[in-house]
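> Sequence:
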Amino acid sequence: MKIPFNVVHVSGSVLFAARGGKIHSFSLDDGAHLSTWKHPDVDKVDAAVKAISDEASSEKPVSQEPVAAEGEGSDEPPAKRQKVEEPKEEAVKGTEQEDPDKQASGKKKGGKKSKNRNQPRNKEHNISRVPDRPVITHLTSTSDGSHVLAITGHDKAIWVFENDGKGNLTQLSKRTMPKRPSDVAIGPDSQIICADKFGDVYALPLLYDPESQTATSQPSTPGPAKPAYKPSANATTVHSKRNLRALNNQQRQMELATRTKAESESKAEVPSFEITLLLGHVSMLTSLAIAESEGRQYIITGDRDEHIRLSRYIPQAYVIEGFCFGHKEFISSMTVPVPRGDVLVSGGGDEDLFLWDWKASKLLSRKSILSLAQEILPDLTKVAVSSLHTLVFPHEGTDLVYILAICEGIPAIFSWQLTQENTLNHPAVIQVPGNPLDLAVKPASGDESPKIIAALDPSDPTKAKSLAIYSLTMTDEKLATSTTALVSDEDVEAAELDVEEKVVKSLLYNTENLRKQSEQEEEQGEAQGTEMMADAEVAE
1 MKIPFNVVHV
11 SGSVLFAARG
21 GKIHSFSLDD
31 GAHLSTWKHP
41 DVDKVDAAVK
51 AISDEASSEK
61 PVSQEPVAAE
71 GEGSDEPPAK
81 RQKVEEPKEE
91 AVKGTEQEDP
101 DKQASGKKKG
111 GKKSKNRNQP
121 RNKEHNISRV
131 PDRPVITHLT
141 STSDGSHVLA
151 ITGHDKAIWV
161 FENDGKGNLT
171 QLSKRTMPKR
181 PSDVAIGPDS
191 QIICADKFGD
201 VYALPLLYDP
211 ESQTATSQPS
221 TPGPAKPAYK
231 PSANATTVHS
241 KRNLRALNNQ
251 QRQMELATRT
261 KAESESKAEV
271 PSFEITLLLG
281 HVSMLTSLAI
291 AESEGRQYII
301 TGDRDEHIRL
311 SRYIPQAYVI
321 EGFCFGHKEF
331 ISSMTVPVPR
341 GDVLVSGGGD
351 EDLFLWDWKA
361 SKLLSRKSIL
371 SLAQEILPDL
381 TKVAVSSLHT
391 LVFPHEGTDL
401 VYILAICEGI
411 PAIFSWQLTQ
421 ENTLNHPAVI
431 QVPGNPLDLA
441 VKPASGDESP
451 KIIAALDPSD
461 PTKAKSLAIY
471 SLTMTDEKLA
481 TSTTALVSDE
491 DVEAAELDVE
501 EKVVKSLLYN
511 TENLRKQSEQ
521 EEEQGEAQGT
531 EMMADAEVAE
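Under UniProt numbering, the first residue of the sequence shown carries the number 1, and numbering increases by one thereafter.
None of these hints come from the bench; they were simulated from the model.
It should be emphasised that the depicted structure is a prediction, and the values quoted were computed from it without experimental measurement.
Please note that the accuracy of each hint is not assured.
For each label pair, taking beta carbons as the anchor points, the in silico distance ranges come out as [as the list claims (entries may be wrong)]: (1) M254 / R180: 26 to 32 angstroms; (2) A464 / T170: 42 to 48 angstroms; (3) Q171 / A56: 34 to 40 angstroms; (4) S190 / A56: 45 to 51 angstroms; (5) K166 / G341: 47 to 53 angstroms; (6) G165 / T473: 26 to 32 angstroms; (7) D41 / A464: 35 to 41 angstroms; (8) A56 / S445: 49 to 55 angstroms; (9) T462 / K44: 26 to 32 angstroms.
Derived lysine-lysine pairs resembling DSS-like cross-links, with alpha carbons at most 27 angstroms apart [what the hints assert, rightly or not]: (10) K516 / K156; (11) K502 / K38; (12) K465 / K38; (13) K463 / K2; (14) K2 / K502; (15) K502 / K463; (16) K156 / K2; (17) K2 / K22.
All C-beta atoms in this analysis are idealised placements derived from N, C-alpha and C, irrespective of residue type, glycine included.
Construct the complete structure from the given sequences, taking the supplied hints into account.
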């Protein structure tokens, strides 16, 4: 299968869609492909994958055809034919019928069961030879669309591009963050506000000139250093040559590890760009939003430990205004509706969406998303909200506000209307031919209704595309799709290499991994670990 589109963003009449380590731009007017930006590591990964594929194909299997024996037809006996692979059942029987004395002598000589060196190597041994795949995890742009920002997770980099308004991107800068970014927003003062998986929030200027900037970094506080390992034995307590040789090897490895660590620490570079630490959580940050109230900006952060924190914006980000408590599971996404900046909608591992008066840290209402998802998958017991979005639908001279949600592994888009009474009503389910990985909204213009652009992991690639544009209609104040348009991505898809499904799952399905294990699951995991250790000791 191909790596599907996983991130989409709309800027004016241009759709930016990320697929692996590439950013493609499409026209929303006719769906035409406009341009492509490619991460430098894409070619490295493709070359490594092709090299492994060529190596595997060049390994010819042993021929099973009979070969004319040397001396055939003469008085000499024919040479022994090469043994072909025998069925598994016969091989097992042959092993069982082997002389037990030989088996015992073999165990005595080796001490352990010898490994069969002729067995084919596991295919997964080649994974370590492939560099980390570049995956663009976030796309956003400035309010005027003049600049586009992207995040790649494998190298912890923030990329800034200049957008000419026609879909062409010009790279301006690449900045490597101290930790892997988990969410990002662009502030009203052209500051990039970036949250990372270590729990910190940084601010850095949108535009960056390497020649004029100086390093003013404020790195996170490092954890306490672990004491170096020292073997308990020494030359006076070891007597046999074998043990003395093992002790010398341990000491050499210890010296090498110490020297390598010292060299890496001496070569560690501080960021060569302006970066300011604003605030920090004691848990992994998963979502970030910028809100405004009474002319003052605020930073709202959500983490894996069910906390939503309200902090002031720069330069007083260290001032905490309050917390929104109520979640029992991790928080994965938050949105502040543009027409309703006084409310916040949050979701994650809970079965409900939460509606907050964020300024007062007050829970206004909650709405079950699990019950809506069970209309499609009746056996579902939990959900993991992967993203939340806001959509404005003009209707009879007023703007109706809707909240859109997608959940990991569920082939549907869920919607609710945000009422003036601060409730989520008129729920609707829009089923799609695959698992939605991200959404983007094209606002209504003139007589044209708003559109939803969905990045899908299609269940059947032969019948569905990874990128679809849905025009919306409304019936009884519930959203529904009227038409579906596709983009011209045939050439784009043909250029992508095939990957295994498990690779796609590991790269793009990570929301459910935020859920903490229950005590029972932890006990089961510990029991399995104990059994594995016991088996290993017996084997030794």
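> Which of the numbered hints are not met once you compare them with the structure shown?
2, 5 and 7
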